[in-house]
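For the record, the sequence lines run as chains A and B.
At position 25 of the first sequence the residue is numbered 25 (the working numbering), and the sequence of numbers has no breaks.
At position 17 of the second sequence the residue is numbered 17 (the working numbering), and the sequence of numbers has no breaks.
Since the hints were made in silico from the structure, they are not lab data.
Some hints here could point you the wrong way.
For identical chains, the list gives no copy identity; a pair is met inside one copy or between any two copies.
[To be verified] With a Cα cut of at most 27 Å, we get these calculated DSSO-like pairs of lysine-lysine: (1) Lys135 / Lys122; (2) Lys96 / Lys73; (3) Lys51 / Lys73; (4) Lys122 / Lys143; (5) Lys122 / Lys96; (6) Lys122 / Lys51; (7) Lys28 / Lys143; (8) Lys28 / Lys122; (9) Lys51 / Lys143; (10) Lys135 / Lys96; (11) Lys42 / Lys73; (12) Lys143 / Lys96.
What you are looking at is a predicted structure, and each value in this text was computed from that prediction instead of being measured.
Number of protein chains: 2
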Amino acid sequence: MRLRPRNILSVLALSVSAAAILAQSNQKETDAILAADAAWMKVYHAKDLDKSLAFCAEDASMLVPSAPIATGKEAVGKLIAYDFSVNGDLTWHANKVGVARSGDLGYSSGIYEDTYQNAAGKTVHDTGKYLTIWKKQADGSWKVLFDMSNSDLPPA
Amino acid sequence: MRLRPRNILSVLALSVSAAAILAQSNQKETDAILAADAAWMKVYHAKDLDKSLAFCAEDASMLVPSAPIATGKEAVGKLIAYDFSVNGDLTWHANKVGVARSGDLGYSSGIYEDTYQNAAGKTVHDTGKYLTIWKKQADGSWKVLFDMSNSDLPPA
Chain A
1 MRLRPRNILS VLALSVSAAA ILAQSNQKET DAILAADAAW MKVYHAKDLD KSLAFCAEDA
61 SMLVPSAPIA TGKEAVGKLI AYDFSVNGDL TWHANKVGVA RSGDLGYSSG IYEDTYQNAA
121 GKTVHDTGKY LTIWKKQADG SWKVLFDMSN SDLPPA
Chain B
1 MRLRPRNILS VLALSVSAAA ILAQSNQKET DAILAADAAW MKVYHAKDLD KSLAFCAEDA
61 SMLVPSAPIA TGKEAVGKLI AYDFSVNGDL TWHANKVGVA RSGDLGYSSG IYEDTYQNAA
121 GKTVHDTGKY LTIWKKQADG SWKVLFDMSN SDLPPA
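One chain only, chain A, in its complex shape (with noise of 0.2 Å):
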């Protein structure tokens, strides 16, 4: 079939409005993604398990320094557990989103700051980042599907 004028420009503005209406979709969920980040943030500052945990797939991966990999609820679980006995006011917050076009895949990454108290009973001040992948959920949520993290600081 050959296009008339009319036909092209049709399809032009079939075009757009796609383009248009994928990036609508994918600031959606970049504030989507940059939302459930923040509010992770919040009930992790406050240490509180359940909700933290919550934030996290069913085959979530954390990858944090002085531990092998942890996989699963479960482990998971343990680990942050573990965290929220060591760290002392963490907050972060993140400087880069994105998704996938399909709108199923994302990221997050940002710096953290923690003041704790050392094993020598010493505050430090800790400065890092951080990275998240996130995975939508079929319920529509996103949920954290790996996450890491290192220090700025240099070996003790």
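Knowing the structure of chain A, use the given hints to seat chain B on it.
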């Protein structure tokens, strides 16, 4: 329109085909990400800076312990060059891989091993883990958008 049985079967067949094509496509993409992960390791292990940097997207970020986030080819190049000067025989392999339905964003994760001399001249056998986010480029290649690692070893 009410669907007659034959039409329902056609729709089902079409859905099954679409799912099969999607699964094949995702398998193809996860294979491509695993291949990129292994190929990157090969040139990184050989401490080839140009080839290692060629695996990184223009806006790639590296999040390594004891340093702030490095973003962009120049900063990432400096970080890799420094890493080459201190690591010994770094190797890694992926044990997890995934890709978005749209095939434009994916990840690999796994473990690394490295034996090196530390600042005090002591030989350290380090084991740790990594998380890499891959972004498909306009030319169809997969490049590193984020790469992060940390050690399983207790603090020094």
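To see whether the hints hold, each was checked on the structure:
Taking the shortest alpha-carbon separations for Lys135 and Lys122, neither the intra-copy value of 38 Å nor the inter-copy value of 42 Å comes in at or below 27 Å. When the C-alpha separation of Lys96 and Lys73 is checked against a cutoff of 27 Å, the pair qualifies both within a copy, at 26 Å, and between copies, at 17 Å. In this homomeric assembly, Lys51 and Lys73 come within 27 Å of each other (Cα to Cα) only inside a single copy, at 12 Å, whereas the closest approach across copies is 39 Å. For the homomeric pair Lys122 and Lys143, neither the shortest alpha-carbon distance inside one copy (35 Å) nor that between copies (42 Å) is at most 27 Å.
Taking the shortest Cα distances, Lys122 and Lys96 never come within 27 Å of each other, neither inside one copy (32 Å) nor across copies (38 Å). Proximity of Lys122 to Lys51 under the C-alpha cut-off of 27 Å is found in neither arrangement, the shortest distances being 30 Å within a copy and 43 Å between copies. Taking the shortest alpha-carbon separations for Lys28 and Lys143, both the intra-copy value of 16 Å and the inter-copy value of 25 Å come in at or below 27 Å. For the homomeric pair Lys28 and Lys122, neither the shortest alpha-carbon distance inside one copy (44 Å) nor that between copies (51 Å) is at most 27 Å.
Taking identical chains as interchangeable, the C-alpha atoms of Lys51 and Lys143 lie at most 27 Å apart only when both belong to the same chain, with a minimum of 12 Å there against 35 Å between chains. Taking identical chains as interchangeable, the C-alpha atoms of Lys135 and Lys96 lie at most 27 Å apart whether they share a chain (16 Å) or sit on different chains (14 Å). Proximity of Lys42 to Lys73 under the C-alpha cut-off of 27 Å is restricted to the intra-copy arrangement: shortest distance 19 Å within a copy versus 34 Å between copies. Taking CA atoms no more than 27 Å apart as the test, Lys143 paired with Lys96 passes in both settings, with 17 Å inside one copy and 17 Å between copies.
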